[in-house]
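Assemble the complex: chain X is given as a structure, and chain W must be docked to it using the hints.
Chains as they are written, first to last, in this note's numbering: chain X, 1 to 276; chain W, 1 to 283.
What the hints contain is simulated information worked out from the structure, not anything from laboratory work. Here the structure is a predicted model, which is why all the values come from computation and not from measurement. Any given hint could turn out to be false.
To be verified - Label-pair restraints from in silico Cβ distances: (1) VAL24(W) with LEU165(X): 17 to 27 angstroms; (2) LEU171(W) with GLY45(X): 28 to 38 angstroms; (3) ALA178(W) with MET84(X): 34 to 44 angstroms; (4) LEU171(W) with ILE69(X): 32 to 42 angstroms; (5) VAL191(W) with PHE144(X): 45 to 55 angstroms.
What the hints assert, rightly or not - Derived coverage of chain W by chain X (criterion: at least 3 residues anywhere in the stretch with Cβ under 8 angstroms from a Cβ of chain X; other residues may be distant): (6) 19-26; (7) 149-162; (8) 192-202; (9) 232-242; (10) 247-257; (11) 260-270.
Ideal placement from N, C-alpha and C gives every residue a C-beta, glycine not left out.
Below are the chains, spelled out letter by letter.
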Amino acid sequence: MPGAVLFGTVIIMASVETVWISFFDWDGVGAKTWVGLANYLELLGDPQFYVSLKNNLIWLAVFMLAPPIGLALALLLNQPVRGMRVLKSLFFVPLVLASVTVGVVFTWFYDPTFGLLALVFSAFGATAPALLSDEHLVTFAVVFAALWPQIAFCLVLFLAGLNNLSEDLIGAGRVDGARGLAMLWHIILPQLREVSFIALAVTVIGALRSFDMVAVMTSGGPFGSSQVLAYQMYEQSIFSYRFGYGAAIATVLFVIMAAFIAWYLHTLLKPEQEGA
Amino acid sequence: MYPRPIADDAPLKRGLYIGLVALVLILWLVPLLAVMATSLRSFDEVMAGNYWGWPKTFNFTENYTSVFTQTAMARYFVNSLLITVPSVFGVLILSTLTGFVLSRYRFRSAQLIFALFVGGNFLPAQIMMIPVRDLMVELGLYDTYYALIIFHVAFQTGFATLFMRNFIAALPDELFQAARAEGASAWQTLVHVVVPLVRPALAALAILTFTFVWNDYFWAIVLTQSEAVKPVTAGLNNLRGEWVSSWNLVAAATIMVAIPPVAMFFLMQRHFIAGLTVGAVKG
Chain X
1 MPGAVLFGTV IIMASVETVW ISFFDWDGVG AKTWVGLANY LELLGDPQFY
51 VSLKNNLIWL AVFMLAPPIG LALALLLNQP VRGMRVLKSL FFVPLVLASV
101 TVGVVFTWFY DPTFGLLALV FSAFGATAPA LLSDEHLVTF AVVFAALWPQ
151 IAFCLVLFLA GLNNLSEDLI GAGRVDGARG LAMLWHIILP QLREVSFIAL
201 AVTVIGALRS FDMVAVMTSG GPFGSSQVLA YQMYEQSIFS YRFGYGAAIA
251 TVLFVIMAAF IAWYLHTLLK PEQEGA
Chain W
1 MYPRPIADDA PLKRGLYIGL VALVLILWLV PLLAVMATSL RSFDEVMAGN
51 YWGWPKTFNF TENYTSVFTQ TAMARYFVNS LLITVPSVFG VLILSTLTGF
101 VLSRYRFRSA QLIFALFVGG NFLPAQIMMI PVRDLMVELG LYDTYYALII
151 FHVAFQTGFA TLFMRNFIAA LPDELFQAAR AEGASAWQTL VHVVVPLVRP
201 ALAALAILTF TFVWNDYFWA IVLTQSEAVK PVTAGLNNLR GEWVSSWNLV
251 AAATIMVAIP PVAMFFLMQR HFIAGLTVGA VKG
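Okay, chain X solo, but in the shape it has when bound:
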């Protein structure tokens, strides 16, 4: 079991150690000083923590658009037309791009003088807001960029789901006169329940883990207004040499995600246990 051993030592031990470090005051090099819960108490009084938390919630809320848009695109593309395979693949492209690439591409898209957004605004005689330097809009700008590959991911999942629909049920529905939205709601969606669940889970995790796009597009700025927990942790540890404090932030993020992962595993493993 070399795989399990490697995975176990590096991943699990590291996670546990982080929780341990969160009880110390440590600059990453010198001696650690035990401070108990002081890091957590400081976190509770840190306004930046609430900004990050709020931004994580914004990520979560906006990311919830990904599954429905992915489904809509999947419904549009699920047609047996010649050349459709190539078209579908082109829709998948954002998924395989590095987040750095997506970040660079969208930074440009938002450029206030020459960006496409600015051109659209000026076509209507308005001036585009400098999205990435506006502390109220910046998080939305970053999330919408991150939404692009996320929608592609949901699209892949839903297309696979649409391929496995039961023809009998659809046929029966058609006989009963179900059409359009009624058909979608009563016959198609129930069959897509499992896929939808996965798309939702993947999206929630993606929203909570968000780091790359923030780092590439704004570095958390302006004035920390676009930071998320993952980025705040990185900044506190690497730039401010406050490893204990960073570890505490990581632990909070971990607890939030662990709750979600536990729920996910619980739901996922249930049918397997019933089957066995």
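Frame of chain X; chain W shown alone:
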């Protein structure tokens, strides 16, 4: 099939449909198309603010040559390959071994290990950052290829094992009974029976791992520092700071970062989609 297929005898409807899809596709890819177009522009054109129109001059060779000669992009590119390729092989080998054990041998804690793998894969990377970084510093591996290779192998093995386990568990039991009846050892069964049968799964896993490792940014900036080791993702972000107004060069570099995973994707598209959906659907 849902939605109802567009009939073959309705060419007008078909035409409209294709037109609609093409329109949506262009809107969908606009940001990327613009970067491609800009990677062909001249510097003067970029300065004049032509970011989105059709390029007036085509500077394909000039731009891409200068990315290679004037920036460290070639170095980053080689670094990325030196990190990604060994990682992919490491992951394939370890996950096949572990997946084999988890799928064939029933032991009490199998479910727990399985859960640990899934859970571990979904953890935020930040929870591991400080200890992993420390460990690499202590081992003297910080800022070397090995730091990234070891970490990626360890991390991706979680997802990959799960993937291989599901695939191997789906093989018929008779196969394994027959192998045992022939007196094959577990090792022989693995090499001569399992591996040839799971080749498609290995292909899928190889391309997924390649994409994940190639596209990684977080660990690239946490575990490396010097130009000589940095992979393309971290390199691109540096380059953006250095060449602020030379958007045509940055665009060319961006396209270069995107090409390997996109090329892999188109070459092995079927495997990629199958891998992604199986991996996600089965957990």
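Taking the hints in turn, this is what the structure says about them:
1. VAL24(W) with LEU165(X): 17 to 27 angstroms: holds (22 angstroms)
2. LEU171(W) with GLY45(X): 28 to 38 angstroms: Check failed, 57 angstroms falls outside 28 to 38 angstroms.
3. ALA178(W) with MET84(X): 34 to 44 angstroms: holds (42 angstroms)
4. LEU171(W) with ILE69(X): 32 to 42 angstroms: Since LEU171(W) and ILE69(X) have Cβ atoms about 38 angstroms apart, the given range 32 to 42 angstroms holds.
5. VAL191(W) with PHE144(X): 45 to 55 angstroms: holds (49 angstroms)
6. 19-26: Coverage by chain X holds for the stretch 19-26 of chain W (5 residues, Cβ < 8 angstroms).
7. 149-162: Coverage by chain X holds for the stretch 149-162 of chain W (8 residues, Cβ < 8 angstroms).
8. 192-202: It is violated: at least three residues are needed, and the stretch 192-202 of chain W offers just 0 whose Cβ sits closer than 8 angstroms to chain X.
9. 232-242: holds (count 6)
10. 247-257: n = 4 at 8 angstroms, threshold three: holds.
11. 260-270: holds (count 6)
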